[in-house]
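Chain by chain, the residues run as shown.
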Amino acid sequence: MRLGLPHLMPQAGVVIVDFDADLIQRYDCSGPRYTSYPTARQFESHFDPERYKQEVAKSNDDPVPSGLSVYVHLPYCSSPCFYCGCTRLITRDIQKVARYLDRLLQEAALQGRLFDGDREVQQLHLGGGTPTMLTDDQLSLLWEGLRNSFHFSAKGPEASIEVDPRTVTPARIEAFRELGFNRASFGIQDFDPDVQEAVNRKQDATHCLKVIEAAKSAGFDSISVDLIYGLPKQTLAGFRATLDTIIDARPGRVAVYAYAHLPQHFKAQHHILEKNVPSPGTRLQLLALTVELLARAGYEYIGMDHFALPEDALALAHGEGSLQRNFQGYSTRAGLDLVGLGLSAIGHVGRVYAQNAKGMQEYGSAIDAGRLPITHGLSLSDDDLIRADVINRLMCYHEVRYQDIEHAHHIRFFDYFALELRHFQPLVDDGLLQLEPDRMCVLPRGRFLLRNLAMRFDAYLPGHLSGPVYSRVI
Amino acid sequence: MVKSKTADKEAVVGAIDARGFHPKLQAACSTCSLSQLCLPMGLNQADLERMDGLVTRSAPMHEGEHLFRVGDEFKAIYAVRAGTYKSYTVDSQGREHVLGFHLAGELLGLDAIYPERHLCNAVALDTASVCVMPFGELRELAGQIGGLRAQLLRLMSKDISDATALAGDFTAEERIAAFMLGLSRRFEQRGFSPKEFNLTMSRRDIANYLRLAPETVSRVFARFEKDQLIAVDRRSIRLVDIDKLHQMSLCMGEMHS
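In order, the protein sequence lines correspond to chains A and B.
Residue 413 in my numbering sits at position 413 of the first sequence; the count goes up by one each step and never skips.
Residue 67 in my numbering sits at position 67 of the second sequence; the count goes up by one each step and never skips.
Chain A with its partners taken away, still in its complex shape (with noise of 0.2 Å):
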């Protein structure tokens, strides 16, 4: 089935949103976005890296082993966007990343080896930091490092680039999809200018639509665009225009994400003045616009920030049902093992969470040593699976079949859950949810609140989570 936006209701050329205010604002809290769960913060430190090889070994003796997905970590910049979270590092030095890419490839060797022959990768990702910031040349040594560690099909993966416009022409363009990248998802946040400036991310707009549309004749299967709401300066008018621009361009995919102002925990919004950053109230605003925006020009809302054309492989994987969380945000393909390569970048293979060395000089000694940079992780327990299914189920697919839990895991769901459960009344009270006697599913009015209905099933969050820790709902 495909979940379009069933709660906007075209009437005569007018969209009305039915946007609860009240209810969103009552329900904004902080939690998790689980990308994984459990969420990185459970994994421990000091995981040993053996336990992550075990797990590969008993992978490569499935009957079928799974297909990988491979993700890289180019963490750096050549200029700081304040409002970044990821794990990244500043330089221009381009020896510097040159000295990187070294190392990455003898990780992926280090890494590839562990794998059988037959374990095809079906996905690459690179993402950062600023990939396109490493030169044509350095990127194909990347395809080809990576194509000589593990084994790629004839006609290679699913492969995809983050790109910063400000770093690529349209020649640039045509190179990666000549390396064999058919997917590229373009850093746009916001064309205002004033927002801009506050965040340090220049960009011209007329370029940013020059290159995108270079990836479309190119031939790129697949072009998605990140914006962010919430940012320093944003106003409706403003942030309306760059949907405008958006929708013209006509990617198969928006990710709308929102800013989280984190200061504490990201040292780069320092830059980023409290007084800046818009109130609740206008959040909210330019959430329901952005909704409003793309669910008109025919984007189908996927989950948390995602929105797709209904043509795009991410509606298609939402509609046949092999659409998966993962760290990106969603992945067309369920079941893939995830190889983590480069600066504190995460794998998931089997039962096992593993998580590289934050910190470029553990990476690197690491490396050096010739040992797998791992520093942290987390073995799933039974539990885990259950509601990590649970969970995912919820973000993907915005019901959860009884019956499909109960056969995967052989537990009783009503049983298993009877805790969670005799606290789920507020929430069909509120209408987030309906309880039918064979599936658990998320109405209209909860699909912006899909974190709340997945943080009742989270069994880490010490009652109800409050505080600055996590990114706000909204």
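To be clear, the hints were calculated from the coordinates, so they are not data collected in a lab.
Glycine included, each C-beta is placed from N, C-alpha and C at the ideal position.
Pair by pair, the computed Cβ-Cβ distance ranges are:
{"no.": "1", "chain 1": "B", "residue 1": "95", "chain 2": "A", "residue 2": "362", "range": "36 to 44 Å"}
{"no.": "2", "chain 1": "B", "residue 1": "204", "chain 2": "A", "residue 2": "78", "range": "46 to 54 Å"}
{"no.": "3", "chain 1": "A", "residue 1": "118", "chain 2": "B", "residue 2": "236", "range": "19 to 27 Å"}
{"no.": "4", "chain 1": "B", "residue 1": "194", "chain 2": "A", "residue 2": "250", "range": "49 to 57 Å"}
{"no.": "5", "chain 1": "A", "residue 1": "219", "chain 2": "B", "residue 2": "204", "range": "37 to 45 Å"}
{"no.": "6", "chain 1": "A", "residue 1": "46", "chain 2": "B", "residue 2": "45", "range": "53 to 61 Å"}
{"no.": "7", "chain 1": "B", "residue 1": "157", "chain 2": "A", "residue 2": "459", "range": "53 to 61 Å"}
{"no.": "8", "chain 1": "B", "residue 1": "127", "chain 2": "A", "residue 2": "271", "range": "54 to 62 Å"}
{"no.": "9", "chain 1": "A", "residue 1": "282", "chain 2": "B", "residue 2": "127", "range": "56 to 64 Å"}
Since chain A is already given, all that's left is putting chain B on it; use the hints.
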């Protein structure tokens, strides 16, 4: 000493024995649900109670722990009580050859009677345990109980016939279909679902046992899944179209170990 009345309540009868089983636990064939599998037919309640006197139970063994190795002195026949064991040899080139997989109620060590030494290795594939039947006492008892003697001969004969099952010129599909149906039947005999089970053996072991490449095993599993004969979720297998699998495996007969 008082013998336990149920299989799950054993009394400790000794400290660590020569084989490293500790503590040594008294088992009770007379109340064991698996006795119909390892000691079927012909044994009356009195015979079973005599068996109780000689059978002891090993402590649980962990994945990768060996029950015996090639060259170990032959002392006892083992009946798998829980979990799965793999029997295998290693050739002079260091290559492993998987001889079989042994589920609860199946016997290990019969091939060691003649040479009085174990000719293969037996390793636990998951948390597993065995009942230990010291061979001297077992032989003595078999002399007195005709049904037990017949059963031992039957099981030895089955071992020999199983060994020849794989020798034919069968396709990978036929081998894998027969292997899965064999497992299915064995699980059913043990009171488990014949349609849904977990594979405790790795694809490498399955491949080795069936004389196939691991990649081939995966390709065939994947094809069976695509053709909706089976559903695979990591180690968990569901047989969707048993009839079709049966047709495929007909020329081979079923596999028993």
